[in-house]
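Since the structure of chain A is already known, use the hints to place chains B, C, D and E on it.
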Amino acid sequence: MKKIGVVDTTFARVDMADYAVRALKSRGTGFKVLRETVPGIKDLPVACRRLFLEGADLCLALGMPGKAEYDKTCAHEASLALLFAAVLEAKPVVECFVFEGEASGPKELHALARRRAEEHALNAYALLFRPRDLARNAGGGLRQGFPDVGAVRRTR
Amino acid sequence: MKKIGVVDTTFARVDMADYAVRALKSRGTGFKVLRETVPGIKDLPVACRRLFLEGADLCLALGMPGKAEYDKTCAHEASLALLFAAVLEAKPVVECFVFEGEASGPKELHALARRRAEEHALNAYALLFRPRDLARNAGGGLRQGFPDVGAVRRTR
Amino acid sequence: MKKIGVVDTTFARVDMADYAVRALKSRGTGFKVLRETVPGIKDLPVACRRLFLEGADLCLALGMPGKAEYDKTCAHEASLALLFAAVLEAKPVVECFVFEGEASGPKELHALARRRAEEHALNAYALLFRPRDLARNAGGGLRQGFPDVGAVRRTR
Amino acid sequence: MKKIGVVDTTFARVDMADYAVRALKSRGTGFKVLRETVPGIKDLPVACRRLFLEGADLCLALGMPGKAEYDKTCAHEASLALLFAAVLEAKPVVECFVFEGEASGPKELHALARRRAEEHALNAYALLFRPRDLARNAGGGLRQGFPDVGAVRRTR
Amino acid sequence: MKKIGVVDTTFARVDMADYAVRALKSRGTGFKVLRETVPGIKDLPVACRRLFLEGADLCLALGMPGKAEYDKTCAHEASLALLFAAVLEAKPVVECFVFEGEASGPKELHALARRRAEEHALNAYALLFRPRDLARNAGGGLRQGFPDVGAVRRTR
Numbered sequence: 010m011k012k013i014g015v016v017d018t019t020f021a022r023v024d025m026a027d028y029a030v031r032a033l034k035s036r037g038t039g040f041k042v043l044r045e046t047v048p049g050i051k052d053l054p055v056a057c058r059r060l061f062l063e064g065a066d067l068c069l070a071l072g073m074p075g076k077a078e079y080d081k082t083c084a085h086e087a088s089l090a091l092l093f094a095a096v097l098e099a100k101p102v103v104e105c106f107v108f109e110g111e112a113s114g115p116k117e118l119h120a121l122a123r124r125r126a127e128e129h130a131l132n133a134y135a136l137l138f139r140p141r142d143l144a145r146n147a148g149g150g151l152r153q154g155f156p157d158v159g160a161v162r163r164t165r
Numbered sequence: 010m011k012k013i014g015v016v017d018t019t020f021a022r023v024d025m026a027d028y029a030v031r032a033l034k035s036r037g038t039g040f041k042v043l044r045e046t047v048p049g050i051k052d053l054p055v056a057c058r059r060l061f062l063e064g065a066d067l068c069l070a071l072g073m074p075g076k077a078e079y080d081k082t083c084a085h086e087a088s089l090a091l092l093f094a095a096v097l098e099a100k101p102v103v104e105c106f107v108f109e110g111e112a113s114g115p116k117e118l119h120a121l122a123r124r125r126a127e128e129h130a131l132n133a134y135a136l137l138f139r140p141r142d143l144a145r146n147a148g149g150g151l152r153q154g155f156p157d158v159g160a161v162r163r164t165r
Numbered sequence: 010m011k012k013i014g015v016v017d018t019t020f021a022r023v024d025m026a027d028y029a030v031r032a033l034k035s036r037g038t039g040f041k042v043l044r045e046t047v048p049g050i051k052d053l054p055v056a057c058r059r060l061f062l063e064g065a066d067l068c069l070a071l072g073m074p075g076k077a078e079y080d081k082t083c084a085h086e087a088s089l090a091l092l093f094a095a096v097l098e099a100k101p102v103v104e105c106f107v108f109e110g111e112a113s114g115p116k117e118l119h120a121l122a123r124r125r126a127e128e129h130a131l132n133a134y135a136l137l138f139r140p141r142d143l144a145r146n147a148g149g150g151l152r153q154g155f156p157d158v159g160a161v162r163r164t165r
Numbered sequence: 010m011k012k013i014g015v016v017d018t019t020f021a022r023v024d025m026a027d028y029a030v031r032a033l034k035s036r037g038t039g040f041k042v043l044r045e046t047v048p049g050i051k052d053l054p055v056a057c058r059r060l061f062l063e064g065a066d067l068c069l070a071l072g073m074p075g076k077a078e079y080d081k082t083c084a085h086e087a088s089l090a091l092l093f094a095a096v097l098e099a100k101p102v103v104e105c106f107v108f109e110g111e112a113s114g115p116k117e118l119h120a121l122a123r124r125r126a127e128e129h130a131l132n133a134y135a136l137l138f139r140p141r142d143l144a145r146n147a148g149g150g151l152r153q154g155f156p157d158v159g160a161v162r163r164t165r
Numbered sequence: 010m011k012k013i014g015v016v017d018t019t020f021a022r023v024d025m026a027d028y029a030v031r032a033l034k035s036r037g038t039g040f041k042v043l044r045e046t047v048p049g050i051k052d053l054p055v056a057c058r059r060l061f062l063e064g065a066d067l068c069l070a071l072g073m074p075g076k077a078e079y080d081k082t083c084a085h086e087a088s089l090a091l092l093f094a095a096v097l098e099a100k101p102v103v104e105c106f107v108f109e110g111e112a113s114g115p116k117e118l119h120a121l122a123r124r125r126a127e128e129h130a131l132n133a134y135a136l137l138f139r140p141r142d143l144a145r146n147a148g149g150g151l152r153q154g155f156p157d158v159g160a161v162r163r164t165r
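Protein chains in written order, with my numbering: chain A, 10 to 165; chain B, 10 to 165; chain C, 10 to 165; chain D, 10 to 165; chain E, 10 to 165.
Mixed in with the good hints there might be a few duds.
Same chains, same names: a pair is fine if it fits in one copy or spans any two.
Unchecked claim - Straight-line alpha carbon distances no greater than 20 angstroms define the calculated EDC-like cross-link-like pairs of lysine to aspartate or glutamate that follow:
1. Lys76 <-> Asp157
2. Lys100 <-> Glu63
3. Lys41 <-> Asp27
4. Lys76 <-> Asp27
5. Lys11 <-> Asp142
6. Lys41 <-> Glu63
7. Lys12 <-> Asp27
8. Lys116 <-> Glu78
Derived from the structure by calculation, the hints contain no laboratory data.
Next up, chain A with everything else stripped away, as it sits in the complex (with noise of 0.2 angstroms):
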């Protein structure tokens, strides 16, 4: 049975992991979710090897950097060192983060987190199990959290 690793953090303010596990489960069953918090995005990387290493086939990496500055340079430093988990492990850890600037308010913001993270426990799925589902949308224009933007045609 395939194992999806779920990572989240005490840092974020909605919890993300709850929501993409639910998406996750309702996609199927063939799978065992492996859960995980750390305190902040940058403890996430090595969450991640170490569930790869206890045999997660995939991670699901969910974050939410604040609105400072700074927030932005962790972020950026979080993600390479997660691509730098991804290919060392060759296997492929899904990013999700939400930005707190990216919302107009808290309610927006639990939205926008909400819906991003089953968008990307969605996607997790179907790499792992339905991957013609991914190929059927190549250059589909697909977005997370926001609604999809579609394919640019030939001629307008």
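Just chains B, C, D and E, lined up with the frame of chain A:
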């Protein structure tokens, strides 16, 4: 027989991989294409590494980052990880990114993405099968997607 | 018995490691502390890796970058290398940096550095011994050094 | 016999490798040159690593990034990956980049690219065969492509 | 007997390695110095790794980036690769960079480069032979090349 990995995304708004594969096939027949589609550009590096482990001799990584400042950061991170995967495996990754902001409208974006995908695909072919074609154009000022700028001469 | 590496610098202006070790010891007794001091934050990553090779299960890396723009670059470089060391060893590195510019004066800087060192030390303890404490606070909006901001609710 | 890898690009607008190889050969005969041309600067790192695996003792990586801001990002990424390849293989990569914006016109660009390619080639030669030539100029303020600035003295 | 690698560049405008080696020797005799000079700061990381493979227990990497914006990028790249080499080998690299723009004139530049080289050399010595000297100054606000700023107190 050589194997060429071709990876693209559902985030992109043009089916660049389709044009790339056609361009590859227009050149010859001594290779097999391994196709894969992932959600976004940050998922490309691990997909390349996995295709290398499945026997690919070269990977073509196609992506279309959005217009926002953050999209540039994501593209930078993805590029670094593509370079890491290539050096780690000692096999070429031909990166083909088209930024939405490079074109003035949807029609121009489609044309640019198509041309660049085709021209990077021909470069990929040359790297594997016709290294002398590249050597002959050393310092030739070639471009992909836009017109070649040509070499500069010693005297004007 | 678990081993916790605690590394700090002579560049910092507050003895953060002292506060961190006291906080760790206030929590329990099932671990041994491996202490080391290096000149600056760029010396932390290799010190962590060396402590991992000596048996540390987790490292706490404490540093205090200066106010200048160049200090931010150094902190960024150090952070990336701390992440690299952690992923390479598959063991957590808890980074605890305090930027001089974060506080309005020496007294505030001292208080901030102390609180953040203590709170990151408690996070380190939780990662090793109380993962459920972290899981219970997933998405809880916790902060280190400043007051927690809390979770955002679905409706205001 | 030592082997020197020389890699350049079809993107560059001057055949820098040609000048580099002539400069190398003007110095001596105890080496063999392994030539390769790739499309752009991001293709240089993996080419260097492949030449190292084929026996190169040092690689000279020649490239000419364009004028746009994005070209600087690409050069930065390529540089990091060249450094990664060099450290990984424990063999020197001499990077020789000329930015189009460094010169005021085509003639000046050609002259700069030629001089810099030649001077980096001589550095490559010195690294392999004449380390004492470098040691003698430690702290000497040498430059490649532009006039040397010289050492600063204790007193003016 | 311990071995200390000392690497500098022909790009620098002060013979920092000379001052560094004198400072090291002023401290004791239980070590051997492995000297090497490379063209520029980007050549330092691989030189350090090679000296580690030849038996160095620590490397001191001395460089002097120029004043231009691009020089800062080069220094950043070199720093990241020095950190990579150090973590990979699990041996310390003490980076000692002096930026030309840090000093108001040639005389000041010379004095700054000398002091910083000497003080980083003493740090290198302490890392290998006198770790307690560093531990005693944890959080002490020490600086290299400029006067120490000292610790901040709990109350003013």
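Checklist entry - Failing hints, ascending? => result 4 and 8
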